[in-house]
Amino acid sequence: MMAKYTLPVGPQHPALKEPESFWFKVEGEVIVDVDIRLGYNHRGIEKACESRNYIQCLYLIERICGICSHSHTTAFAQCVEEIAGLEIPARAKYIRVIVGELERLHSHLLWLGVAGHEIGFDTLFMYSWRDREAVLDLLELITGNRVNYAINTIGGVRRDIDGPKREQILSQLDLLADRAKFYADLVTTDSTCLARLENVAKFSAEQARAFGTVGPTARASGIDLDVRRDDPYAAYGEMPFKVIISDRGDLLGRAIVRLEEIGESIKILKYALQNLPDGPLTVKAPRKVPAGEAVSRYEAPRGEDIHYVRADGSDHPERVKVRAPTMANIYAIGESMKGSYVADIPIIIASIDPCFSCTDRMIKIVRQESGEARTMTWEELRQYGIRWYQQ
Amino acid sequence: MLKQLIKKSRISSPWLVHFNSGACNACDIEVVDTLTPRFDLERFGVLLKATPRHADILVCSGPVTRQTRDRLIRIYQQMPEPRFVVAVGSCACTGGVFHGCYSVHGGVDAVIPVDAYIPGCPVRPDAIIDGVVKLLGKIRGDTEACPLQSNSKAI
Amino acid sequence: MSFAEQQQSDLSRKDILADLCAQFPDEVSGAVSTRPGRAWAEVSKEALHRVVEFLLGCDDKAYLSTITAVDAQEEFQVLYHFWAGGTEVTLRVKLDHNNPVVPTIMDLAPGANFYEREIHDLMGIEVTGRGELKRLIVTDDWPEGNHPLRKDWKGLPGGEDDG
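Residue numbers (this note's numbering), protein chains in the order written: chain C, 1 to 391; chain F, 392 to 546; chain A, 547 to 709.
These aren't lab readings, by the way, just hints derived from the structure by calculation.
Hints may be right or wrong, so weigh each one.
Below are the DSSO-like pairs computed for lysine-lysine, each with C-alpha atoms no more than 27 Å apart in a straight line [what the hints assert, rightly or not]:
no. : chain 1 : residue 1 : chain 2 : residue 2
1   : C       : LYS202    : C       : LYS25
2   : F       : LYS529    : F       : LYS440
3   : A       : LYS697    : C       : LYS288
4   : A       : LYS607    : C       : LYS47
5   : A       : LYS700    : C       : LYS288
6   : C       : LYS338    : A       : LYS680
7   : A       : LYS700    : A       : LYS640
8   : C       : LYS25     : A       : LYS680
9   : A       : LYS700    : C       : LYS47
10  : A       : LYS640    : C       : LYS47
11  : A       : LYS607    : A       : LYS591
12  : C       : LYS242    : A       : LYS607
13  : C       : LYS338    : A       : LYS607
Label pairs and their in silico Cβ distance ranges [said to hold, decoys possible]:
no. : chain 1 : residue 1 : chain 2 : residue 2 : range
14  : A       : CYS567    : C       : ASP315    : 33 to 43 Å
15  : C       : ASP185    : A       : LYS680    : 42 to 52 Å
16  : F       : HIS490    : C       : LYS165    : 32 to 42 Å
17  : C       : LEU141    : F       : LEU438    : 44 to 54 Å
18  : A       : ASN644    : C       : LEU194    : 51 to 61 Å
19  : C       : SER191    : F       : SER404    : 27 to 37 Å
From chain C, some residues computed to sit far from chain F (all C-beta separations above 10 Å) [unchecked claim]:
no. : residue
20  : PHE121
21  : LEU141
22  : SER204
23  : PRO232
24  : ASP278
Glycine included, C-beta positions come from ideal geometry on N, C-alpha and C.
Let the sequences and hints guide you as you build the complete structure.
Next up, the structure:
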């Protein structure tokens, strides 16, 4: 009988507002149990919103996550607009779609780089992040900032896209479409990628549904769900796109879904830019929002983002609830890890795209019976995984 | 003599460790972004290391949350001396928009001493490079390049 | 008809609210649809389990989106948000302010695990019928009985911390 180890990973993990610490029970190389602890980045945004007015809340909510900031503000603004009975102008709806899709492009390219890094394919990381800069340039052109765009306001958007900007964005999109195709070919044919991604951490459609997974993670298990199509918001009711589904259920499936979504996003962007309706950018929003409540859903790059807002008639909300997509996916990933190898931990966690790239996490291996402890960093674990596969 | 050699190598090739003490991820991604081809921080000899024991400079982003506070202090203490801390982003400088939240202690300087502050929400990669280069000037003793004063509380 | 509308029409948006009321005439009250795709209904906590079972079984895409707890001063409300039958259905359970207890729905939707731990941490809602509600969001040294999202919560004991 092999000795059982407990392998703590974390706690430093900055995913949205829900970083987590994993405690793996391992038997030899195989993970037998996982325990997850969140809250390291818990800042108390929901409570803070209750003492700020709606416009201030918007800025706070922008900073829930630095990668899907537009998703959160759009979801929140939609809630408030629904309670206040505002119908935002068509042009504002289109601009929300354009910024939202550019955000999806940069997020998926970011994910590809991180995934490449975790499997020891750093060339892919450098390539995809270089292309991501092109998207960030476009976002900066439209909104004035690379990240945290602050383009949304209650009742519309704050900046316009004029003719020259439109031309510039369109000219960049063809280039990005080429690159996306190149990456899709690369991931599905390169032997390094296949060896690390195929048939790892599989879960079936049944499991994905039971755990309530959302977004690309769910679609890679064959679940046909996309808020943009099923419950259209902004101008998505008019956009031509197809929902990408893969029935593989493994890491490769999640990669394919994201890479093909880049192509669909580019299609949406082209359509939205070419058919941008004329008109104003905002409608006048009241400072005080009448009493009421609303739920709004948004298809963020990582999946369905849900906001619930309850207003009491004053100028600040009574309750704001945010459920970011990683919260829905992280539990499923914990369950699907059982039976996988220690060497696969980094890429499995990265596969749900919890914005995993950016920090150093201390990992400690404690041998249970002797209490002997060994501390590994995230980087060492990653190296370990790469070496383990080279053998 | 040996000390001077160490100082010289520290300035020519400072090693960084990055720690997220509760940030929204935007600054973290921008820190990683400085390593990618467009900005390429490595041309200054800067390497991002995974463990605090190898690092000269702690790059810290985000307000310090209750749950990360002890971890931040531990990481700081694990670094070999002399150690330097850079607070990246408005939140790390002062607590930013999260100032006053029940789960936030404030900026990084509420917990550990900070040597350089880089404001911005999020900080642009160019600003991070500028900040790190200015800090190197400060280490060299070149006060003109970096008229910063650390007024932070010691732990 | 645009491309997306065609896609949309393939999906049946069932009148889930009518089904719900027909199935549970006594247990479900205050059913209202605020706009297409949004439905709200109130259920008693005794009937919650059966209603959730019905909702999750109504089509093959139904899932639990999240659970929200609201402190409505005179009572607590726990809102269960489901995506079912092409509609976002919100079930509202009203709880006594002195004794906020709901039954678990983890056996029906395992994904509820984290959401139940979250409302326990932040709002102090007890969930029965499942294992221990381990800390998920608040810190390890968080004092017992402090639930930050409650309206009467005035901050941690000991006043301002050193931050």
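Verification of the supplied hints:
For the hint linking LYS202 of chain C to LYS25 of chain C, the alpha-carbon distance of about 19 Å falls within 27 Å, and the restraint holds. Straight-line distance between C-alpha atoms of LYS529 of chain F and LYS440 of chain F comes to about 21 Å, which keeps the hinted pair within the 27 Å bound. About 20 Å separates the Cα atoms of LYS697 of chain A and LYS288 of chain C, which keeps this hinted pair within 27 Å; it holds. Among the hinted pairs, LYS607 of chain A with LYS47 of chain C is inconsistent with the structure: their alpha-carbon atoms are about 33 Å apart, more than 27 Å.
Distance restraint check for LYS700 of chain A and LYS288 of chain C: the Cα-Cα separation of roughly 25 Å lies within the 27 Å cut-off, and the hinted pair is therefore satisfied. Between LYS338 of chain C and LYS680 of chain A the CA atoms are separated by roughly 20 Å; this keeps the pair inside 27 Å, and the hint holds. Restraint check for LYS700 of chain A and LYS640 of chain A: the C-alpha separation of about 24 Å stays at or below 27 Å, so the hint holds. This hinted pair checks out: LYS25 of chain C and LYS680 of chain A have alpha carbons roughly 18 Å apart, not beyond 27 Å.
Using a Cα cut-off of 27 Å, the hinted pair LYS700 of chain A and LYS47 of chain C holds, with the two alpha carbons roughly 11 Å apart. As the CA atoms of LYS640 of chain A and LYS47 of chain C are separated by approximately 21 Å, the hinted pair is consistent with the 27 Å bound. Distance restraint check for LYS607 of chain A and LYS591 of chain A: the Cα-Cα separation of roughly 24 Å lies within the 27 Å cut-off, and the hinted pair is therefore satisfied. With a C-alpha separation of about 18 Å, the suggested pair LYS242 of chain C and LYS607 of chain A falls inside the 27 Å cut-off, and the hint holds.
The suggested pairing of LYS338 of chain C with LYS607 of chain A holds, with an alpha-carbon distance near 25 Å, which does not exceed 27 Å. Between CYS567 of chain A and ASP315 of chain C the C-beta distance comes to about 36 Å, which sits within the given range of 33 to 43 Å. Between ASP185 of chain C and LYS680 of chain A the beta carbon distance is about 45 Å. The supplied range of 42 to 52 Å therefore holds. Separation of HIS490 of chain F from LYS165 of chain C is about 35 Å and conforms to the stated range, judged on CB atoms against 32 to 42 Å.
For LEU141 of chain C paired with LEU438 of chain F, a C-beta distance near 32 Å fails the hint of 44 to 54 Å. Our hint of 51 to 61 Å for ASN644 of chain A and LEU194 of chain C holds, since their Cβ atoms are close to 59 Å apart. As the Cβ distance of SER191 of chain C to SER404 of chain F is approximately 35 Å, the hint placing it in 27 to 37 Å holds. At roughly 15 Å from the closest C-beta of chain F, the C-beta of PHE121 of chain C stays outside 10 Å, upholding its exclusion from the interface.
At the 10 Å boundary, the C-beta of LEU141 of chain C stays outside the reach of chain F, the nearest C-beta of that chain being 15 Å off. At roughly 31 Å, the least C-beta separation between SER204 of chain C and chain F is larger than 10 Å, which holds for a residue marked as non-interface. Every CB of chain F lies more than 10 Å from the CB of PRO232 of chain C, the least distance being 28 Å, so the non-interface label holds. Even its closest Cβ contact with chain F, about 33 Å, leaves ASP278 of chain C beyond 10 Å, as expected for a residue assigned away from the interface.
In this structure, the hints that do not hold are numbers 4, 17, in rising order.
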